[in-house]
Amino acid sequence: MALLEVRDLVVAFDTPEGEVHAVNGLSFDLEPGQTLGVVGESGSGKTQTAMAMMGLLAENGRASGSVRFRGQELLGMSTQELSRIRGSSISMIFQDPISSLNPYMTIGDQLIEVLTHHRNLKRKAARQRAEEMLHQVQISDPAQRMRQFPHELSGGMCQRVMIAMGLLCQPDILIADEPTTALDVTVQSQINLLMDELSEQSSTAIMLITHDLGVIAGLCNQVLVMYAGELMEFADIDPLFSSPAHPYTEGLLKSVPRLDQIDSGILSAIPGNPPDLLSLPVGCPFRARCSYAFDQCSAHPSLRETEPDRWTRCHLDTLPKPTENKAD
Amino acid sequence: MLNYSLKRLASAIPTLLLLITVAFFLIRIAPGGPFDAEKALPEDIKANLEAKYQLDQPLIIQYVRYLWQIVQLDLGPSFHYRDWTVNELIAQGAPVSFTLGALALVLAFTLGTALGAWAALKQNSVADYSTMSVAMIGISIPNFVVAPLLVLVFAVTLGWLPAGGWSYSFSHLLLPTIALALPMVAYIARITRGSMIEVLHSGFIRTARAKGLPEREVIVQHALKPALLPVISYMGPAAAGILTGSVVIERIFTIPGIGSHFVQGALNRDYTLVMGVVIFYGVLIIVMNFLVDLLYAWLDPRIRYD
Ligand SMILES: Nc1ncnc2c1ncn2[C@@H]1O[C@H](COP(=O)(O)OP(=O)(O)O)[C@@H](O)[C@H]1O
Ligand code: SF4
Ligand SMILES: [Mg+2]
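Each protein sequence line maps, in turn, to chains E and G.
Counting with our numbering, you get residues 1 to 328 for the letters of the first sequence.
Counting with our numbering, you get residues 329 to 634 for the letters of the second sequence.
Keep in mind that the hints were calculated from the coordinates and are not lab data.
Glycine included, C-beta positions come from ideal geometry on N, C-alpha and C.
Among these hints, one or two may not hold up.
To be verified - Straight-line distance between alpha carbons at most 30 Å, and here's what the computed DSSO-like set of lysine-lysine pairs gives:
(1) G:Lys-553 x G:Lys-374
(2) E:Lys-124 x G:Lys-553
(3) G:Lys-553 x E:Lys-122
Unchecked claim - A few chain G residues that don't get close to chain E, going by computed Cβ distances all over 10 Å:
(4) Leu-383
(5) Pro-405
(6) Leu-627
Start from the sequences and build out the full structure, keeping to the hints where you can.
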C-alpha cells in the first residue's frame, strides 16, 4: 500500500457558465520519501488536485473518486477529522508566500499555533521548536524573526517561513504548489536549493507542483505531466527529459529556457491554448495542438505502460526522433 | 506616535475654526432673534437686552469677541435660560446624552458585528438572506420613524415601557437606545458580512485551514480581526450618526440631553447655546475620529504613524 493513493480523482466546479472539469480521472501513488514533480501549463488542474487532496476546494467545487492516505479515505472526511491530518501529516505551501501569511499575526504566533494544536506543546516548548525550524530553513536570527510581522520580511523569507511551518510536525507529505513562481529569479534558486537539501535530510515525501520543468529537474525523482486535468505522462526524471514519450511533454521540454538555447532562439511555447474545461473535446484533449495528430486521435487514448513505471496517454507507440539537430 | 498625535490635533484647529465661522454666520442669517418672543417685548427693554449681550454691535466685532471667548473655553451665557451659562447647560446634558449614545453604540457594534459575521458564515443560506433583508429594511427606515413606531407598540399598545421621560433605569433607556441603534445595527451587519466573506477567501485563511486549525479557531484567531477592521473605521462616522440621531431621539422621548438643548436652542434663537452645542459636537467627532485612527493603527501592524 502506497503512502498516498489517488484513484480516478475528478474535480468539477459549478459555475454560472456550466460545469468546469478541472481534474478528470487522475490516478497516481506517492511513496514515503518520494519527490514527485507535477507539471503542466497553467490551468491543467495541478492546484485543484492538491486542494482536493487537502479538502480545501472552493465552495462551488466537488471532488469524487478516491484519495487514500495510509489506507484512510480523505474524500468526504469531516473537516474535524481532516484537520488532524492537515498541517501534521500532510502540509501544503502556496504560490504567493506573502499573502499566505496572516498580516496581523507575528511569524512566531503563526508557527507556534501549529505545534500547540497538533503536538499539544506548551508555548515555551513550541517557541523553541519553531526557532529551531526557522534555523533549519536558513533564516538568520530566528528569535528576532519570530517577533516580526510578514510585511517586514521579503517574499523569499516568507516562503522560507511557510516551508518551516509545513515541516514543523515532520509531515509524511509536503505539497508545494509553485513555491517559487512569485519570487525573484535569484531567490527562486535559493528556495529550490533549500527544498532539495531538506528533502535529502528528511523522509517527507514531496509533491512539487510547477509549470516549469526546469524547476523539477534538480529536485524530483518522478514526474507526472498533466494536461486538461488528465495524466499525460508519468516517468522517472531522466528518461522523461532524454526521451519524452508524449507529444505534450516534448512540447513542454522545448519551452524550457536553457542557457544554450536562449541565444539561438530555439525556445518555443506550445502553439494554441488548452481546451475549454466547460466542454472537453471527445478524443485526445491535446489533439488540437498536437503536430503528430492522426485519425485515431479522435478516440480518447487510454493510459499505457510502455516500460516498467513509465506511462503515457497517446495513440503513438513512440515519438519520431526530431530531425533537426539539437544544440546539445 | 506622539508626534503624529500632536500633528493630528493641530490640524483639527482650522477645521474647528471653519465650523465655528460657518455656524456663527448661518444662525445669524436665520430670521428672528433671541428676544422675539410671541409676546413682543417693549422696544426699549429689547434694546437694553441686546446691548447687554452685545448684539447691537457690528457682527464682525461679535464674531471676534466670540472667538476670543471660545479660546478661553467659555461658551458664554445662554440667551434663553437666563440663569445658566452654556457651559453649565452642556455639562448638565452631557451625562444623559453620553449614556444614551454610548449604550446605542455598544448595542449597534455588538449586535451588528455578531449578525454580520453569522450571516457571512452561513453565506447564501436562508439565515443569511433573511438577516440581510431585515438589515436592508433597517438601514432604510430612519430614526424618526423607528422611534414613534416603538413607542406605539411597546408603550401605547402593550404598555410595557414608558413612552418617554428620563431616569438612569432600564425601562427609560431601552426604547431610545434601540431606536438610536437600529439603523446602525443594520449598517454594521452589512459591513461585517461583506468584509468577513472577503477575508474568508484570502490566502492566509486558506493557510490557517491547511495548517489543520479547527474552523472555530480559523475564524476567531485569523478571520475576526481583519474582518472587524472596516467596522472600526466606521466608528468615526457612526459616532457622528449617533449625535445627529440623538437630537431626534431625545426630542421624541423627552430626554433632557444635549440634543434636546440643541433643538430648544434653535427654536429660541438661543445663539450661544446652539453655537455651544455645535462646537461641542464638532470637538467630539474630531476626538472620536482621532481615537479610531489610533485604535486602527494599533490593530493593524502594517500601519505605523511616525
Ligand atoms: N472555484 C472555481 N470555480 C470555477 N473554476 C475553477 C475554480 N477553481 C479553479 N477553477 C478552474 O479549474 C481549472 C484548473 O485550475 P488549477 O488546478 O488551479 O490549474 P493549475 O494547473 O494552473 O494549478 C482552471 O481552469 C480554473 O479556472
Ligand atoms: S493521441 Fe494523438 S493527438 Fe493525442 S497526443 Fe498522441 S498523437 Fe497527439
Ligand atoms: Mg496552480
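Hints and how they fare:
Proximity of Lys-553 of chain G to Lys-374 of chain G is assessed by CA-CA distance (about 60 Å); at most 30 Å being required, the pair is judged violated. For the hint linking Lys-124 of chain E to Lys-553 of chain G, the alpha-carbon distance of about 25 Å falls within 30 Å, and the restraint holds. For the proposed pair Lys-553 of chain G and Lys-122 of chain E, the alpha carbon gap of about 24 Å is at most 30 Å, so the pair holds. The Cβ of Leu-383 of chain G lies farther than 10 Å from every Cβ of chain E, with a closest approach of about 57 Å, so its non-interface assignment holds.
Once the 10 Å rule is applied to beta carbons, Pro-405 of chain G is consistent with being away from chain E; the minimum gap is 51 Å. Its closest Cβ contact with chain E, about 7 Å, brings Leu-627 of chain G to no more than 10 Å, contrary to its assignment away from the interface.
Taken one by one, the earlier hints fail for this structure at numbers 1, 6, listed in ascending order.
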